[in-house]
Structures are given as C-alpha cells and as structure tokens.
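Student: As a plain string of letters, each chain reads:
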Amino acid sequence: MLRFSLFIAICVCSVLANKRTLVLVDNWSIRETHSVFFRTLRDRGFELTFKTADDSSLALVKYGEFLYDNLILFSPSVEEFGGSLDVAAITNFIDGGGNVLVAASSDIGDPIRELATECGVEFDYEKTAVIDHLNYDIKDQGKHTMIIADSKNLLDAPLIVGSKNINPLLYRGVGMVADPENPLVLSVLHASSTAYSFSPDKAIDDYPHAVGKNTLLVAALQARNNARVVFLGSLDFFSDEFFTFSVQSGMSNKQFPKSGNEDLALSLTQWVFKEKGVLRVGAVKHNKQGEKEPPQAYTVFDMVDYSIEIEELKDGKWKPFSGQDVQLEFVRIDPFVRTTLKNSNGKFHITFKLPDVYGVYKFQVDYNRVGYTHLYSTTQVSVRPLQHTQYERFIYSAYPYYTSAFSMMVGVCVFSLVFLHFKEEPKEKKE
Amino acid sequence: MKSSSAGWGPQWLLKMSPDKQDTLLKMLVLSIAAILSFSTRLFSVLRFESVIHEFDPYFNYRTTRYLTEEGFYSFHNWFDDRAWYPLGRIIGGTIYPGLMVTSAVFYHALWFFNITIDIRNVCVFLAPMFSSFTTLVTYWFTKELKDAGAGLVAAAMIAIVPGYISRSVAGSYDNEGIAIFCMLLTYALWIKSVKTGSLFWSCLCALAYFYMVSSWGGYVFLINLIPLHVLALMLTGRFSHRIYVAYSAVYCIGTILSMQISFVGFQPVQSSEHMAALGVFGLCQMHAFIDYVRSKLSVEQFNILFRSIVLMGAVVSLSVAAIGTATGKISPWTGRFYSLLDPSYAKNNIPIIASVSEHQPTTWSSFYFDLQMLTIMFPAGLYFCFNRLTDANIFIIMYGVTSIYFAGVMVRLMLVLAPVMCILSGIGVSSTLNTYMKNLDVSRKDKKTSKKNVDHTYPFKNEVATGVVFLVTAFLITYTFHCTWVTSEAYSSPSIVLSARAGDGGRIIFDDFREAYYWLRHNTPEDAKVMSWWDYGYQITAMANRTILVDNNTWNNTHISRVGQAMASTEDKAYEIMRELDVNYVLVIFGGLTGYSSDDINKFLWMVRIGGSTDRGAHIKEADYYTPQGEFRIDKEGSPTLLNCLMYKMCYYRFGEVYTEGGKPTGYDRVRNAEIGNKNFDLDVLEEAYTTEHWLVRIYKVKDLDNRGA
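Chains as they are written, first to last, in full-length UniProt numbering: chain A, 1 to 431; chain B, 1 to 710.
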C-alpha cells in the first residue's frame with residue numbers, strides 16, 4: 001500500500017514537475033513587454049520563476065537534482081551568467097533531460113552563441129540582423145530588419161509548428177545556420193530566399209554569414225535523450241507588440257489583421273516543454289504463438305507473437321497512441337524481418353515467423369518521427385537451431401534408400417547363410 | 001634397464017621364484033613410472049594454485065561445468081549465445097565431447113562414492129591422470145611390439161618426456177591431454193588385432209578409435225596411419241586373413257561409430273582426409289577377392305582377368321573421384337590439411353591459421369628441447385625394428401617416420417611424435433642394453449658361472465660392454481634431469497598468472513588477467529558485450545561471464561576480420577563497427593609497462609592481415625602500417641596509420657605520462673624498446689574504464705552517441 005501511494009505521489013510529482021520553469025531575463029521590463037506570452041504559459045499550468053540572468057543566486061542543480069524542468073532564456077545580451085550557471089551547466093541540464101527555449105536578438109552575447117554552438121546551431125555575430133529588402137513590414141524603420149516570414153517556410157511538422165495556415169510571422173533579430181554535421185537539428189522556420197544576415201549599419205564587404213533559405217529564424221533540437229531545445233533569433237517575436245501587430249508587406253499591399261506569432265509561439269512552447277509529441281513505451285511482450293511466457297530461447301522457424309504498448313501524452317494524460325506506421329525490426333546486425341505493427345488501441349502487435357538463421361537477435365522498435373520523442377525499444381532474444389529431437393525422423397523421399405539398405409542387409413545374411421552352409425552338401429552328393 | 005637391477009633386492013625377494021620376482025619388479029617399475037608421470041606434472045599447482053591454464057582449457061572447463069550441471073542432452077543441444085555475438089555458436093555440434101564427458105564421468109563417479117570434489121579440480125588433474133594411463137598403455141604397446149623390457153623403458157621415458165608434458169601439465173585441460181592416451185590405446189589394440197586377427201580385439205580397437213575421435217581432431221592422423229600400415233603390408237606381401245579381418249572390422253565399426261560424433265558427421269565418407277582409409281578398405285576387399293579367385297583359377301586365366309579388372313577399376317575410380325570432387329561431394333582439401341603437406345600454404349593463404357603460434361613450423365632446437373636424447377636413440381630403435389621385421393614393427397616404423405614429418409611441419413604435432421620417440425628409443429635402449437649386458441663379465445659375483453671360452457675375435461668384450469652400459473646410463477640420467485628442468489622452467493606456467501624474477505631474485509606475480517576479468521564480472525551489466533582479440537575470448541566468457549564477439553574457436557573468419565578491422569581503423573571507423581556490433585567494452589592486452597611480449601601490439605599485424613583479408617576490410621592494407629623502410633615501429637618514425645589506429649590509441653592512452661625505466665623518457669615501451677610516437681592524445685569514442693595494476697589489461701567503455709548531435 002505504501003509503495004502504491006508512493007507511486008501515485010511520484011506520478012503526481014512528475015506531472016507537476018514538468019512545469020517548473022526558470023525564466024532568465026536581461027531586465028525586468030521583459031516581464032511587461034512579453035506579458036501575453038508569459039500569461040499563456042501560466043494559464044497552461046507552468047510555474048514560472050523569473051530571475052535576471054546575472055542574478056548571483058542562479059542555480060539549476062541542488063543536491064544533485066535539477067530544480068527546474070524547463071529553462072527559458074530571454075536574456076540575449078548576457079555576457080556572463082550569475083551564480084553557478086554557465087554554458088556547461090545548461091548543456092548539462094539538457095543532457096539531464098531539461099528543455100530549453102532560447103530567444104536571442106541582435107545584441108547577442110557570447111554565452112548564448114556558445115550554447116547554440118553546443119547544440120548544433122550557429123548564431124550570426126553581435127549587431128547583425130536578418131535583412132530582407134523584399135519581405136519587410138511597413139512598420140520597419142528603414143533598415144528592413146523587421147521582416148515578414150511566410151508561414152509556408154515553416155517546417156512540415158504539425159506537432160512542432162501547429163497549423164501551417166497561419167498569418168505571416170513578424171521577426172526582428174539575428175539569424176542562424178544549422179550545423180550540417182548535426183543530424184538532430186530541425187530548421188523549424190527559415191527565411192525567404194531574398195533574406196540575408198548582416199550588420200544593417202555596415203557596408204557589405206564580406207560574404208554574409210547566412211544567405212537566403214539557409215538563414216534560420218527558428219531552429220529546434222531534440223537531443224538523443226529527448227530533451228528539447230528551441231532557438232529563436234528574435235526576442236521581439238514573443239513580445240505583446242508582435243503578437244498583436246497587423247502585418248503589411250512594404251512591397252505589396254496585402255494586409256493581415258494580426259501576425260501569426262502568437263499561434264506559432266503557442267505551438268512551439270507546447271512542443272518544447274513536452275506538452276505534445278511525447279511517446280512512451282509500456283509493456284513489451286513476446287512469446288511463442290500459443291504460449292504465455294517468453295521462452296529461454298526461441299527456435300528457428302517459431303511463430304512469435306510480439307506486442308508493445310505505446311502511449312502518447314495528450315492534455316497531461318497518457319492516452320493510447322494512434323499512429324499506424326510503427327514498425328518492428330528483428331535485427332541481427334541487419335534486420336531479418338521488418339514489418340508494420342497492427343495498432344489496436346495503443347497496443348501494437350504482430351505475429352511473424354522467425355528466420356531460419358540462428359543467433360542473438362533484437363526485437364527493435366525504432367520509431368523516429370519529426371516532432372515525436374524518439375521511441376526506441378529493444379529486447380534481446382536468442383534464436384537457437386533445432387534440437388536433435390526436432391528434426392524429421394523419417395524423411396518421406398528417403399524411403400527407397402531405407403528399403404535398399406535393409407534389403408541389402410537381408411540379402412547379405414541370406415547369401416552368407418547359403419554360401420557357408422549349403423555349399424558342402426551338393427559336393428557330398430556328387431561325390 | 002631397471003629390471004636388470006633385480007640382483008640387489010632385499011632378501012625376501014630372493015626367496016620368490018624368478019617368475020614372481022620378474023612380475024613384481026615389472027609392476028613396481030611400472031607403478032613408479034605412472035606415479036612419476038602424475039607428480040612431475042604438478043609443478044604449476046604447487047607453484048601457483050589449482051587453476052586452469054591458457055586459453056582453450058577455459059572453454060573446455062566451461063563446457064564441462066555446463067555438462068555436469070545440465071546433463072548430456074542439454075549439452076549436446078547447447079546453443080551458446082554468450083560467444084560470437086550476435087551469431088552465437090552451436091557448441092554441441094562443434095566440439096569433440098570426449099574430454100568433457102570423461103571428466104563428467106569421473107566427477108559423477110566420485111560424487112557417487114561421496115567424494116565431493118570440485119569439478120575444477122577434476123579438470124585440473126585429468127591430464128596428469130591420463131598421462132599415468134598413457135604410461136601403462138605405452139608399456140603394453142611396446143611389449144606387444146618388442147618385449148617387456150623395452151616396454152618398461154618406454155614407459156619410464158614417456159612418463160617424463162617434455163614433448164608430451166607440454167600439453168598435459170596439471171591445469172592444461174585440453175583435448176590432447178586424453179587424446180594421446182586414446183591414440184596409443186588404439187594403436188596397441190590395432191597391433192593386438194593384427195597379431196591375432198581376432199574380431200574381439202578389432203572391435204575393441206574400433207571402440208578405442210571411437211573414443212579417440214570423440215576427443216581430438218587429430219584422429220585424422222590415426223585413420224590415415226592404420227590404412228597406410230595395411231597398404232604397406234599389402235605391398236610387402238604380408239597381407240593375410242588376420243589383417244583382412246582386423247582392418248575390415250576396425251574400419252567399418254570405427255567409421256560408423258565416428259559418424260556418431262556430430263562434429264565429425266559425414267566427413268568420414270566425404271572429405272578427402274578420410275579417402276585413404278576408404279580406398280584401402282576397398283583394396284582389402286579386392287585383394288582378398290583376388291586371393292580367393294587365384295586359388296580357384298589357373299595362372300593364365302587369372303592373369304587375363306587380373307589385368308582387365310585393374311584397368312577397369314582404375315578408370316572407374318578415377319572418374320568417380322573426378323565427379324565427386326566436381327560436384328562437391330568429396331569436400332575440397334581443407335586449409336589445415338594443406339598446411340600439413342605444404343608448410344607455406346597456410347601462411348600464404350589463410351592468415352587465421354598462420355597466426356596461431358602452435359601452427360608454425362618446428363625449429364631444430366625445439367626437437368632437442370622437447371625430446372633430448374630420444375632424438376639420438378630413435379634411429380637406434382628404428383634399426384632394431386628393421387633388424388627383425390614383423391607386421392607390428394612395420395607399423396611402428398611407419399608411425400615414427402610419418403610423425404617426424406608432421407612434427408616438422410607444425411610445432412603442435414610434436415605431441416604426436418613424442419610417444420613414438422619414446423617407444424622406439426625404449427626399444428633401442430633396451431636392445432642395446434640386452435646385447436651388452438650379456439657381454440658383461442659378472443663372474444666376480446657368481447662363482448658358478450664358468451669363464452668357458454674367452455672370445456678372441458672380440459677383444460675387451462667386458463670393457464666395451466661396461467663402457468656402453470655406463471654411457472647409456474649416463475644418457476638416461478641426463479635425460480631425467482633435462483626433462484625435469486624443462487618441465488619446471490618452460491611448461492609449468494599457467495599463462496593466466498605470470499611471474500617474473502625481481503631484481504633481488506624473488507618472484508613477482510602478475511595477476512592482472514584475473515583482476516581484469518573479475519572487474520568485468522562485477523562492474524559491468526550482465527549483458528554487456530566485450531570486444532577483444534580472439535585469443536582472450538574463452539577466458540572472458542569463462543571468467544568474466546560476459547558476451548564476447550570472437551573467441552579461440554575461429555569458425556567465422558569474417559567476424560574475426562570485422563574485429564580486426566575495428567582494431568586497425570581510426571577511431572571514427574572503428575566506432576561504426578562497434579556500434580554495428582553493439583560493443584559496450586573493449587579489452588586490450590598491453591605489455592609495454594611490464595615487458596610482457598605477447599601483447600596486442602605484437603599481435604597487431606595479424607589483426608591487420610586478418611582484418612584486410614575479407615571484402616569489407618579491403619581498405620586495410622598491411623603496408624600502411626609499416627614505415628617506408630618496411631619496419632613496424634611504434635615510435636615517432638612509425639607509420640601515421642599505425643599511430644592513429646584504435647589499437648595503438650587504446651594501448652598507449654595516458655602511457656605518455658608514465659616513466660617505465662630509469663634513464664628513459666616518459667612513455668618508453670619496454671617490449672618494443674622505444675619511446676612511443678604518439679603521446680598526448682584524447683579518446684573520442686571511448687573512455688578508459690579500468691586498467692589493471694601492471695597495465696597488462698586495459699578496458700575501455702564505448703561511449704554512447706553524443707546526446708546533442710554529432
């Protein structure tokens with residue numbers, strides 16, 4: 001009983017625990033200028049702790065445990081974090097499973113750039129901005145840095161970005177490029193082909209850091225431990241102003257009453273703070289067809305039942321996952337069987353025949369879809385060859401050989417009988 | 001020789017009849033020889049402890065334990081998923097079970113009598129015990145060949161011959177330990193059945209042959225030698241009904257029995273190594289038939305018939321052989337067999353065979369080292385055999401000559417040579433002594449013997465005889481000393497525990513291997529996969545109880561090659577291979593700190609060769625690991641490929657900070673006698689998990705993929 005209640009307590013804690021969020025700001029005014037954003041977070045149950053980035057009491061870890069589950073870095077210009085916080089502490093936090101939302105701006109400081117580099121994203125230098133001479137908003141002040149990002153440039157991943165049919169997005173800030181070596185970075189939103197990233201006040205005497213569609217405005221990283229990190233080059237993106245601004249391009253007269261920023265911000269925060277797209281593996285079962293328990297080792301050609309329960313986090317509750325494309329692989333270095341699992345209310349199951357090759361195999365479900373946490377489940381089993389009693393005892397096609405062998409034996413017996421015993425008699429009779 | 005010492009026995013001995021004295025002395029000498037052969041093999045147990053030695057014995061020990069715990073049928077069907085990950089290995093079908101079954105029988109018998117001995121001790125002491133049995137069998141065998149005197153000498157000799165001791169010291173729990181006994185037993189029974197021509201002895205011989213087949217792959221030598229003997233007898237016109245009965249029975253029953261061993265299977269009727277036996281069997285039938293026909297026909301009729309049949313037979317057999325080889329029914333000549341005929345074959349073609357040190361050709365010095373005076377007495381024994389040729393003598397001559405050839409090809413087959421050396425030397429020594437003992441003038445003691453006629457054609461008869469007897473005695477004494485010395489110094493090291501002499505003359509014990517294996521056992525997850533070079537596979541599974549990729553049963557060349565590729569590649573490439581094979585830990589043996597020379601760097605070229613021998617490793621070329629001058633160097637001059645490969649990095653990680661010898665810079669490798677060329681480097685994909693006290697074994701953990709991407 002005690003154990004059970006403890007279990008419940010842990011569950012409750014874990015639901016609550018996912019909401020503990022530390023918000024680091026450059027100055028307290030951000031709380032006012034971004035009030036809408038923070039209010040929506042609070043409404044969704046997040047427990048926000050505001051601190052300035054140079055607060056000397058900053059700490060993510062206490063007594064070996066993380067104090068927060070999520071970290072919002074709205075402090076682009078910080079040159080040095082306060083307290084025990086530094087880039088290593090934040091990467092450590094990510095490696096420990098914490099989620100981070102980073103918003104930068106043109107006053108980007110070294111720690112944020114360093115953190116981004118650690119996560120496979122490279123911010124452009126300080127004082128630069130994404131400039132687009134064709135897609136700027138009319139409220140722009142002549143430097144064409146307040147650009148309009150088309151919602152068509154969003155990543156095709158509804159779990160991360162929500163609907164793609166939203167109004168254009170307003171953006172003012174620094175640009176990024178993704179590290180091509182890093183397979184985990186997602187370019188959530190890229191600029192249009194006419195954009196580039198450079199200092200708006202200087203003459204262009206060098207090749208820009210990022211050009212055209214390579215310029216990322218929003219980048220995301222889902223680490224291998226499923227910690228999520230989102231980078232935005234624009235702190236203003238989340239501001240109350242940008243949420244409510246109408247959008248009108250400086251080149252054409254098409255006008256939208258409200259920017260899509262709020263919609264995207266909602267989807268992004270839902271994703272980055274793991275309210276959406278979270279899967280988990282429940283019971284994994286495998287056994288020979290018609291049996292209940294998994295055997296010590298399977299035998300080649302066995303029919304095997306395999307089932308795996310997968311659940312998805314929806315509105316704070318674990319619900320059966322409804323995907324239809326979950327595949328099972330039966331792997332020994334290479335997959336020997338690859339098959340799609342049948343989904344019956346979150347329980348994915350299949351019955352298949354084992355290959356005729358013995359060895360140590362793994363039942364492997366490797367479900368890796370953009371937006372979802374990486375679902376990976378392996379179960380190692382041995383597949384043994386037939387036992388000496390399991391072979392066919394009499395082979396039908398070998399009956400002629402059996403006959404020939406036995407008739408031969410009989411023949412030899414008869415022959416030797418005749419040869420040994422009946423030879424003498426006729427001789428005696430003749431003589 | 002020893003039986004000649006009858007005269008100096010105590011008084012009661014003299015009261016017995018000469019017959020009884022004779023028997024008593026024989027039994028005394030024989031039992032002393034048997035006890036001696038047991039006790040001389042105990043050096044390692046006394047010096048270290050009752051441990052299993054080397055590599056293969058660990059596998060045998062593990063399988064024996066499994067057999068005693070799980071019973072024969074589970075053993076027979078055993079699929080081992082802890083070795084050769086992820087391929088697994090069918091153990092029941094790929095081993096010779098004789099050794100394990102023997103120990104299990106002993107174990108259960110002892111337990112039945114409430115002697116609660118540990119299975120490990122049964123395994124440790126099995127080989128010495130069987131060498132005692134070998135001593136007895138040798139006596140019997142030699143007695144059948146010559147006489148009891150020669151038998152006693154041969155028995156005393158085989159008790160301590162180093163060539164045999166090298167494979168049968170306590171703890172060296174390997175197939176050869178019992179196989180030599182089986183082989184000699186089979187030979188003795190074969191001689192017995194040839195001499196008597198009785199079905200009883202032939203059947204016993206077939207049974208002994210079955211035991212031999214069940215215990216060692218070397219039975220192939222036996223199944224070729226016996227037909228060769230029969231063939232020689234046919235050619236010398238000594239073919240008779242006795243031989244016909246003996247060979248037909250032995251071959252038929254023996255072959256059917258040998259096919260019951262699942263590892264042997266259908267080989268006796270398919271593979272080329274067994275074809276000689278089959279062919280001689282056919283010849284036997286023909287010879288007997290011809291003899292029968294000849295007795296019924298006139299000479300002219302017979303000659304016509306004979307010629308036509310020989311022609312027909314030649315044509316038919318040739319075409320059958322051709323068809324069989326073409327269709328693959330007669331299996332192609334396997335590599336190990338080729339390397340017997342042509343010593344350079346394996347080296348040129350199959351690196352995995354050539355890499356084993358015991359497959360190397362024997363050096364001249366090791367003949368003397370392992371056999372000492374037997375090398376000299378062997379021709380003498382041959383001479384005495386030729387002197388009085390019998391069916392049995394022809395056998396021992398053939399055995400001696402063929403095994404000398406094979407022992408020259410492969411060090412390992414010294415083992416087969418040692419017994420015949422002892423037997424022939426026994427015959428030689430005994431005959432020599434017999435000859436000259438008679439000439440000794442012993443009249444001083446026994447007055448009744450008359451000095452009848454002094455032979456004038458043979459001057460100094462007594463003196464010469466005394467000289468010869470003293471010479472032979474001196475030989476035998478040096479032989480005893482030599483054998484004991486070799487056993488103590490060379491063949492009694494368990495190689496799992498190393499020892500060295502310290503500067504002050506004391507013994508230093510390096511117990512790093514067991515330290516590392518126990519570390520693995522206690523500090524890694526149950527299902528962790530350990531990658532190491534195959535030499536250490538058996539030890540890791542037996543002692544650390546962890547899954548390994550390759551082991552000493554080198555049945556899958558490509559898998560070993562894959563490990564060789566990982567060791568010979570750069571870290572990045574190796575990481576791909578290690579991920580593919582789910583490797584968690586990597587284990588290397590490094591002797592640079594202690595000066596232990598058979599470490600992985602010295603074996604490294606074999607890894608390169610074996611790694612490069614398959615398609616997937618075609619990019620690994622041996623030449624890349626040499627300097628442009630063609631040297632294998634680990635210092636600054638060494639090839640950059642070598643200095644950056646995984647094996648180099650694992651061995652020399654942090655070694656650049658260590659002082660190993662006075663007056664030398666840091667990172668001085670005491671095996672290669674050079675300062676290492678690549679000192680301050682970090683490992684990207686591995687982290688050091690454990691290094692033993694003397695750095696002999698180093699274990700690395702394979703890192704996971706980086707959490708945040710590349």
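Quick caveat, the hints were computed from the structure, so don't treat them as lab data.
Please read all numbers here as calculations on a predicted model, not as lab measurements.
For every residue, glycine included, the Cβ atom is placed at its ideal position computed from N, Cα and C.
Errors might be hidden in some of the hints.
The calculated DSS-like cross-link candidates involving lysine-lysine, where the alpha carbons are at most 27 Å apart (straight line), are [said to hold, decoys possible]: (1) K15(B) <-> K362(A); (2) K19(A) <-> K288(A); (3) K292(A) <-> K347(A); (4) K213(A) <-> K288(A); (5) K438(B) <-> K15(B); (6) K19(A) <-> K292(A); (7) K143(A) <-> K317(A); (8) K701(B) <-> K362(A); (9) K362(A) <-> K703(B).
Not close to chain B: a few residues of chain A, all C-beta gaps over 12 Å, as computed [to be verified]: (10) G83; (11) D86; (12) D107; (13) E118; (14) K143; (15) I166; (16) N182; (17) Y207; (18) R224; (19) E275; (20) Q289; (21) D334; (22) K362; (23) V370; (24) R384; (25) Y402.
Student: Are the hints correct? Go through all of them and say.
Tutor: Cross-check of the supplied hints:
no.: 1; hint: K15(B) <-> K362(A); result: violated, 80 Å
no.: 2; hint: K19(A) <-> K288(A); result: violated, 43 Å
no.: 3; hint: K292(A) <-> K347(A); result: holds, 16 Å
no.: 4; hint: K213(A) <-> K288(A); result: violated, 53 Å
no.: 5; hint: K438(B) <-> K15(B); result: holds, 24 Å
no.: 6; hint: K19(A) <-> K292(A); result: violated, 40 Å
no.: 7; hint: K143(A) <-> K317(A); result: violated, 47 Å
no.: 8; hint: K701(B) <-> K362(A); result: holds, 21 Å
no.: 9; hint: K362(A) <-> K703(B); result: holds, 20 Å
no.: 10; hint: G83; result: holds, 23 Å
no.: 11; hint: D86; result: holds, 16 Å
no.: 12; hint: D107; result: holds, 25 Å
no.: 13; hint: E118; result: violated, 6 Å
no.: 14; hint: K143; result: holds, 34 Å
no.: 15; hint: I166; result: holds, 29 Å
no.: 16; hint: N182; result: violated, 3 Å
no.: 17; hint: Y207; result: holds, 24 Å
no.: 18; hint: R224; result: violated, 5 Å
no.: 19; hint: E275; result: holds, 22 Å
no.: 20; hint: Q289; result: holds, 21 Å
no.: 21; hint: D334; result: violated, 9 Å
no.: 22; hint: K362; result: violated, 8 Å
no.: 23; hint: V370; result: holds, 15 Å
no.: 24; hint: R384; result: violated, 4 Å
no.: 25; hint: Y402; result: holds, 16 Å
Comparing the model with each numbered hint stated earlier shows that hints 1, 2, 4, 6, 7, 13, 16, 18, 21, 22 and 24 do not hold.
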